[in-house]
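Participant: Sequence:
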Amino acid sequence: MAESTKALVIVESPAKAKTISRFLGKGYTVKASRGHVRDLPKSQFGIDVEKDFRPKYITIRGRGEIIKELKDAARKVDRIYLAPDPDREGEAICWHLANVLDLPNKDHYRVEFNEITKGAITKAFKHPRAVDSDRVNAQQARRLLDRIVGYMLSPLLWRKIRPGLSAGRVQSVALRLITEREQEIRDFQPEEYWSLTARLKTRAGAAFEARYHGSEAGKVELKTEAEVKAVTDGVQGSSWIVAKVKTSERKRHPQPPFITSTLQQEASRQLGFTARRTMAVAQQLYEGLDLGTQGSTGLVTYIRTDSTRVSETAVAEVRSLIGTKYGKDYLPEAPRTYKSRKTAQDAHEAIRPTTVLRFPEEVKPHLTRDQYRLYRLVWDRFVASQMESAVLDLVTADIQAREAIFRASGSTVRFKGYLVVYVEGRDEGADDDEKKLPPLTEGDALALLGLDPAQHFTQPPPRYSDATLVKTLEEKGIGRPSTYAPIVETILERGYVIREEKRFVPTELGEVVVELLKEHFPSIIDVDFTARMENRLDDVEDGKQDWKDLLRDFYNPFAQLIDRAEEQIGKVEIAPEVTDEICEHCGRNLVVKHGRYGKFLACPGFPECRFTKPIVESVGVTCPDCGGDIVVRRSKKGRRFYG
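So the sequence shown is numbered by the numbering used here: it starts at 601 and just counts up by one.
Do not rely on the hints blindly, as some may be mistaken.
Unchecked claim - Computed cross-link-like contacts, PhoX-like style, restricted to lysine-lysine with a CA-CA straight-line distance of at most 20 Å:
#, residue 1, residue 2
1, 844, 1036
2, 626, 723
3, 846, 726
4, 626, 656
5, 671, 606
6, 626, 676
7, 642, 656
Claimed, not checked - Distance windows between CB atoms, simulated:
#, residue 1, residue 2, range
8, 1015, 626, 28 to 36 Å
9, 817, 1178, 57 to 65 Å
10, 1053, 1102, 45 to 53 Å
11, 1014, 1042, 15 to 23 Å
In short, the hints are calculated from the structure, not lab data. Ideal placement from N, C-alpha and C gives every residue a C-beta, glycine not left out.
Based on the sequences and whatever the hints tell you, model everything.
Facilitator: Structure below.
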């Protein structure tokens, strides 16, 4: 790249522009479009169905000055490069910019890179290409599908339920999953069961626990207190002998490097991040941060990916680091490879550090707490993914007291392997590792310290968290890497669900909307139908499916459903939950409302009376300053605090 060349480079964000300009030199002017410059109009449908689904694109409000600035800059250069993110959305931004700047259709001005480093940028600018029309059409098809559903279905909800509601194509399916899980929880009938734990001691004085397993005939489940008493009576005064000891080896293998969905899941489990927070911080790490004397530098590769593939260069670098930093015992003979899902587009690498030689602790002084914690997570996971497996010694001992068998199990880590770097987070309900057992030999006599019976009840399935919802969406083929976070945020913003203790709870409104959609628009809210539509959008990107045929196949049956529903659905009334609290302005009983940040109290006389107040949850503690009650409050981001 000769520095004398006058070229304009357009990216989406100022942060990305700042980082890229470092690597390109003085011959390049880098400017940011700040995302899309054109879109469908907000105030009208914007699709001419009669003219083969021709979209009407207009300049987004506030982007006029940016377009003028870009046009002025374009007149002063010999060459223009478009360098938004390497996905459908980025390709569509390129296409809109090309139209706005009147660039020739066949010209090679699109540059694409998976990481914002000097090597990747230099290579990308040596191989510019034309804008990929198939990828643009896949983005257009998704945008128009969502517009069709939103603009035809939302007014129906306004008329039948209440004004201001909206329905989305993919978000409605996610909402269905949440409401059906809530119904499972309501319908759940707990079943009683018991456990019986023996506290035992070896001759050497080491104490451990063993749980009742059954008899030599097999495992026995204890369902009632009477069954537990029969066992305890049966072992009363008996000797306790180690009947059998079984040892085995188990290898625990590392997980693949992150893809978008697994990054969101692990950041939720280990850091408590929402999907939106994860992607916002990850975008900062990708676009580049100021590292002092190193300047603005991208720390991780592209963050919207469904592939576990890693470049040979990155693998060689991390294997060299493992051998040097941890020793040859931690380095497998051959590099590890991981299979991506069948539905993966495999367009980009997995999420990894742009170089593993940029250690988290070294860059920590230049990062915010969130940036450091997420970078540490990405770095640890990537390094661990190329390390040796952990080796565990498992021990299972059967302890006999007359006819009863009690079983104790434990494990010890013989070789830590990748666990020296990284341990996966666990979802609620995941089994904990076994405890360590003292040395036991068949025939050993043991002393009984006590028997502990405990009553239990089976538990309903847990509500979805950010991690488990994203995991389920991915498993069912709903959405793609760039859509998981927006799906979650949309149903929250619409008031269809709220977060309670980091779990999604549907509001009454959300449940009413789902039931209406299930009855009158079964395909829109069908999981399999939505997954098939995602696959067809992938086919558009691969050039196997005409995007207008896809729209046509969807639109005609959907329009008929809208007409039928308009006739069949009556007015749906959602009775508010009335409380004993009185409105301070007009004396009516306040009702419970659901907002973006949870429940609150409001006057039913709205809009004449607009009185609202928060629902106060006292914690039973007095304020040390004024003696008032300390209550639970929520921040604008929905976090609980005490005040």
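Participant: So, for every hint listed, does it hold in this structure?
Facilitator: Against the structure, the hints come out as follows:
Between the alpha carbons of residue 844 and residue 1036 the distance comes to roughly 17 Å, so the proposed pair stays at or under 20 Å and holds. Proximity of residue 626 to residue 723 is assessed by CA-CA distance (about 18 Å); at most 20 Å being required, the pair is judged to hold. Taking the CA atoms of residue 846 and residue 726, the gap is near 62 Å; set against the 20 Å cutoff, the hint is violated. A hinted pair counts as satisfied when its Cα atoms are at most 20 Å apart, and residue 626 with residue 656 does not qualify at roughly 38 Å.
Only pairs whose Cα atoms come within 20 Å are accepted, and residue 671 paired with residue 606 is accepted, the gap being roughly 15 Å. For the suggested pair residue 626 and residue 676, the alpha carbons sit about 14 Å apart, so the restraint of at most 20 Å is met. Taking the CA atoms of residue 642 and residue 656, the gap is about 11 Å. The hint holds against a cut of 20 Å. The hinted window of 28 to 36 Å between residue 1015 and residue 626 is violated, with their beta carbons roughly 53 Å apart.
At about 59 Å, the beta-carbon gap between residue 817 and residue 1178 stays in the expected band of 57 to 65 Å. The supplied range of 45 to 53 Å is broken by residue 1053 and residue 1102, whose beta-carbon atoms lie about 33 Å from each other. Look at residue 1014 against residue 1042: about 22 Å separates their beta carbons, and that is inside 15 to 23 Å.
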